[in-house]
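Enquirer: Using the hints provided, position chain Y relative to the given structure of chain R.
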Amino acid sequence: MRTVYLAGISALALGLAANPATADDFEVIHHYTSQTEAEALKVIADKFTEAGGTWVDNAVAGPPNTRRVYTTQMQAGQPSQAYSTVTNRDHLDFIDQGMLTDIDAAATAGNWRENMPQPLVDAISGPDGKIYIAPMALYTPNFVFYNKGVFDRLGIAEPVGFGDDFFAALDAVKADGLIPLAFSGDAFNIRFPFEAILLEKGGPDVWDQVWNQRSDEAIRGDVVRSAFETLGRLRDYTDEGNIGRAWNLSANLVSSGEAAVQIMGSWADGEYRAAGLVAGTDFGCFIPGERDYVQLHSDVMVFPKQPGSEGPTEDQLKLASIIGDPAVETLYVAPRGALPVRRDAALPDNADACLTIGYDAFNADGNLVPNPRSLITQQQDGEYRDIVNEFWANPDMSVDEVIDGFAYALEAS
Amino acid sequence: MKNLSAKIALAPTALVALVVFVGCIAWTVGLSFTGSRSIPEFSFVGFEQYVALFGSPRWLVSLRNMAIFGIGFVGGCLVLGYLLAIFIDQKVRAESALRTIFLYPYALSYIVTGFAWQWFLNPQLGLQKFMQDLGWTDFTFRLLIDRNLAIYTIVAAAIWHGAGLVMALVLAGLRGIDEDIWKAINIEGIPKWRAYLSIILPMLGPSFATCILLLAFGVIRNYDLVVAMTGGGPGSATEVPAKFVMDYLFERQNVGLASAGATILILTVVAVAAPIWYARHWQTRRAASASKG
Chain R
1 MRTVYLAGIS ALALGLAANP ATADDFEVIH HYTSQTEAEA LKVIADKFTE
51 AGGTWVDNAV AGPPNTRRVY TTQMQAGQPS QAYSTVTNRD HLDFIDQGML
101 TDIDAAATAG NWRENMPQPL VDAISGPDGK IYIAPMALYT PNFVFYNKGV
151 FDRLGIAEPV GFGDDFFAAL DAVKADGLIP LAFSGDAFNI RFPFEAILLE
201 KGGPDVWDQV WNQRSDEAIR GDVVRSAFET LGRLRDYTDE GNIGRAWNLS
251 ANLVSSGEAA VQIMGSWADG EYRAAGLVAG TDFGCFIPGE RDYVQLHSDV
301 MVFPKQPGSE GPTEDQLKLA SIIGDPAVET LYVAPRGALP VRRDAALPDN
351 ADACLTIGYD AFNADGNLVP NPRSLITQQQ DGEYRDIVNE FWANPDMSVD
401 EVIDGFAYAL EAS
Chain Y
1001 MKNLSAKIAL APTALVALVV FVGCIAWTVG LSFTGSRSIP EFSFVGFEQY
1051 VALFGSPRWL VSLRNMAIFG IGFVGGCLVL GYLLAIFIDQ KVRAESALRT
1101 IFLYPYALSY IVTGFAWQWF LNPQLGLQKF MQDLGWTDFT FRLLIDRNLA
1151 IYTIVAAAIW HGAGLVMALV LAGLRGIDED IWKAINIEGI PKWRAYLSII
1201 LPMLGPSFAT CILLLAFGVI RNYDLVVAMT GGGPGSATEV PAKFVMDYLF
1251 ERQNVGLASA GATILILTVV AVAAPIWYAR HWQTRRAASA SKG
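So the protein sequences, as listed, match chains R and Y.
Residues in the first sequence are numbered consecutively from 1, following the numbering used here.
Residues in the second sequence are numbered consecutively from 1001, following the numbering used here.
Treat the hints with caution; some may be incorrect.
As the list claims (entries may be wrong) - Keeping only pairs whose Cα atoms sit at most 30 angstroms apart, straight-line, the calculated BS3-like set for lysine-lysine is:
| no. | chain 1 | residue 1 | chain 2 | residue 2 |
| --- | --- | --- | --- | --- |
| 1 | R | Lys174 | Y | Lys1129 |
| 2 | R | Lys148 | Y | Lys1091 |
| 3 | R | Lys130 | R | Lys148 |
Unchecked claim - Here's a subset of chain R near chain Y, in silico, CB distances under 8 angstroms, partners left out:
| no. | residue |
| --- | --- |
| 4 | Gln75 |
| 5 | Asp93 |
| 6 | Gln97 |
| 7 | Asp186 |
| 8 | Gly241 |
| 9 | Gln378 |
| 10 | Asn389 |
Calculated from the structure, these hints are not laboratory results.
Computed from a prediction, not measured in an experiment: that's the story for all the values here.
Where a beta carbon is used, it is the ideal one built from N, C-alpha and C, also for glycine.
Pulled out of the complex, with its shape left as it was, chain R reads as follows (with noise of 0.2 angstroms):
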C-alpha cells in the first residue's frame, strides 16, 4: 500500500515537472475570463492554430493576478511566449531588464506604423522606437451612459458634458426620486469619471501638461481645480451604496431604470446589451464635451524574450501578425463590443450606436489622447487613485488639499 502511496507521489512530482511546456508550445497567459472575452480570443487562438502553432491557454481571472503570474515567471527565467495586459508603462521597465522582445518585423510587414493612431504607436513602441507589443482592441473610458427611457419620460436633453445641462439633468432626476448617478466609489473605477471631467475641461494641452510634462503650474491650476470641484459636486447625486461597488452593477442600476446616468468606459456597452437594451432606443451614451476627444485604452499582448534567443522566436512573430492583420481584428472585437486597433480594419455588423460614436472619435484627426497610464508609472497610478478615492469617499477633505495629494502622488512618488 505505502509503495503505492510513494509512487503515486512520485509520478505526481514528475508530471508537474514536465508540465511546464515541451519545445514547441506556446504558453498565453491571459485575463480574458468572461464569455464574450474568452469567445474573442478564440478567434486569435483558432487562427494561430491553424497556421500551425501549439497554443497553451492560460487564463487567469483579474489583472493584478495575471501580472502576478508573468512577472513571477519572468523573474524565475521561465516566461510564457505571451501575456495579455493594458496600456501602461510596465513593459518599458522588463525592456530596460532585457526581458521582452520586440516585434517589429511583424509590425513593419503589416504596416502597423501607417494604420494605427500616433498615440497608440507610442504607446506600443520601445525606447529604441522598435514595436514591443501587439495591440488587440480600443476602448473609450471616458464615456456617459443614460437610460433613454428615464430622461425622456422626464423630457431631458443629452448633456453636452460635464457643464450646467448636466447637473441640470442630474437634479431633474433627483426631483423625480430615483438615484440621478450610478456611481462606483472605488480606487479602481474613481479614475474614469475624474478623468472624462479633466479631458472635457482641459483638452489635449492640459491633459498633456498634466500627465505628460507632470507640470506644477498645470497640476495646480485652474482647470484641475474645477475638475476636483466638478467631481466632488457628483457626490450629492448619488446613493450611499456606490462606496466599492463594482461598475457592472452600477450599470444594472441603470439599465434596470433605478437610475439615470453612469460615467463608465465604453466597455459598459455590453452590460447594457446584456441587459437586453438597444443603443440609442433604450439607453444613450456620449462621449463628454464640445468636441470628442478620446482617451486611449486599449488591450494588448506583450511577448517575453525567450531563454536562448535573442530576438522573437517564429511563433511569437506569427501570433503578433495575426493580431495585427484588419480581417482577424474585425472579427476579435466584434464579441467584445469594442474598437478594431487599426483605422483599416472595418466595423464588425453588430456594432451599435455607442460603438459607432466611439470609432468616429477614434478615426477623426487629433482626438486621441494617450492613457495616462502609458505615461506615469504604476507607482504614481496608484498613489493617484489614492489620494482621488479618498476625496471622493470624504466630503470635509478640501480642494486644495486633494490638489496637494494629487501633485504629491504626479510629482514626487
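Expert: For chain Y alone, kept in the frame of chain R given last:
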C-alpha cells in the same frame, strides 16, 4: 551521540525551515534596501525606501488602523472568549452543541467571513434594507460606509470570527483548575464574578498568553478580511499594512517599497512575540529552580 537518529530524521525539516523561512526573510530585508521597481534588482539605496514609506500617507493610515484593529480585536476576543468560556463552564445543558456553535465561525475563512458581513452591513442589501422593507423606513445602519466607523466593523467581524477560538483554549484551561480551589472559594464565600476576575484569571495566564500570540499574528497578517469587506475603503479608511505590501508588490510594481513595509511587519511580529516568549521562558526557569530549591 545522543538521539543521533532523531537528529538525522529532523535535519531535512530544519534545513527547509532555514532556507525557506530565514532565507526568504533575509531576501526581503535585503530587497528593502534596493531601488527595485517591478523586478528585484540590487541597486542599493540605503534607507531611502524607509524614508519614502514613512512619508507615505497611506502607510501611516495603515499603521494607525493596525493599532486600532489590534487593540479592538485582541481585547474583544479575550473578553468575549473568556465570558463564553465561563458561560459554558456553568455545566449548561447541550454544552457540546453550544461549543460547536461558538467555535464554528473560526472554521470559516476570512474571505467568507468578510463577504458575509459585507452583505449584512451593506445599506442596499443587508440589515438596513431588511428593516426598511419591514416598514421602518427611517431605519439607517451605515457603519460600513462611514469612513470613521468602517474599521470598527472590521474589528467586529474579526471578533465574531476569533472569539470561539479563545473560548475553546480558555475553557480547556478552566477545566484544568483544581476542584479544591473552587471548594476553597465556596467556603470563603467569595462571589463568583470576583473569583473569576481575581483568582481564576491569573491562573489562566498561560492559556491567555497562547491566545494573545495567536491573535496578534492574525492582526499583523490581516489582509483578506479587509479585501473582502471594504477593499480598503471608503477612501483609504480601512487600509492595513499587509494590504499595503501586497498592493505595492504586485499592482504598483514597487518591490523595494513593499519589502520595506514587509520588514517593518516582521519587526512588529518580533516586538510582539519576543516579550511573551521571554516571559514564558523566565517563568519556566523560575518554576524549575523553585522545585529544585
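Enquirer: Does each hint fit the structure? Answer for all of them.
Expert: Outcome of the hint check:
Of the pairs offered as hints, the one joining Lys174 of chain R and Lys1129 of chain Y holds, with about 20 angstroms between alpha carbons and a cut-off of 30 angstroms not exceeded. Restraint check for Lys148 of chain R and Lys1091 of chain Y: the C-alpha separation of about 66 angstroms exceeds 30 angstroms, so the hint is violated. With a CA separation close to 46 angstroms, the supplied pair Lys130 of chain R and Lys148 of chain R exceeds the 30 angstroms bound. Because the smallest distance between the Cβ of Gln75 of chain R and any Cβ of chain Y comes to about 6 angstroms, under 8 angstroms, the interface hint for this residue holds.
Annotation: Asp93 of chain R was flagged as interfacial toward chain Y, and the flag holds, the nearest CB pair being 5 angstroms apart, inside 8 angstroms. Evaluation of the Gln97 of chain R hint against chain Y yields a held restraint, the C-beta minimum of about 6 angstroms falling below 8 angstroms. Among the interface hints, the one on Asp186 of chain R holds; its C-beta lies about 6 angstroms from the nearest C-beta in chain Y, closer than the 8 angstroms criterion. Interface hint status for Gly241 of chain R: upheld, as the beta-carbon distance to the closest one in chain Y is roughly 4 angstroms, under 8 angstroms.
Given the 8 angstroms rule on beta carbons, the hint for Gln378 of chain R holds: about 4 angstroms separates it from the nearest Cβ of chain Y. A distance limit of 8 angstroms between C-beta atoms decides the matter here; for Asn389 of chain R the minimum to chain Y is near 5 angstroms, and the interface restraint holds.
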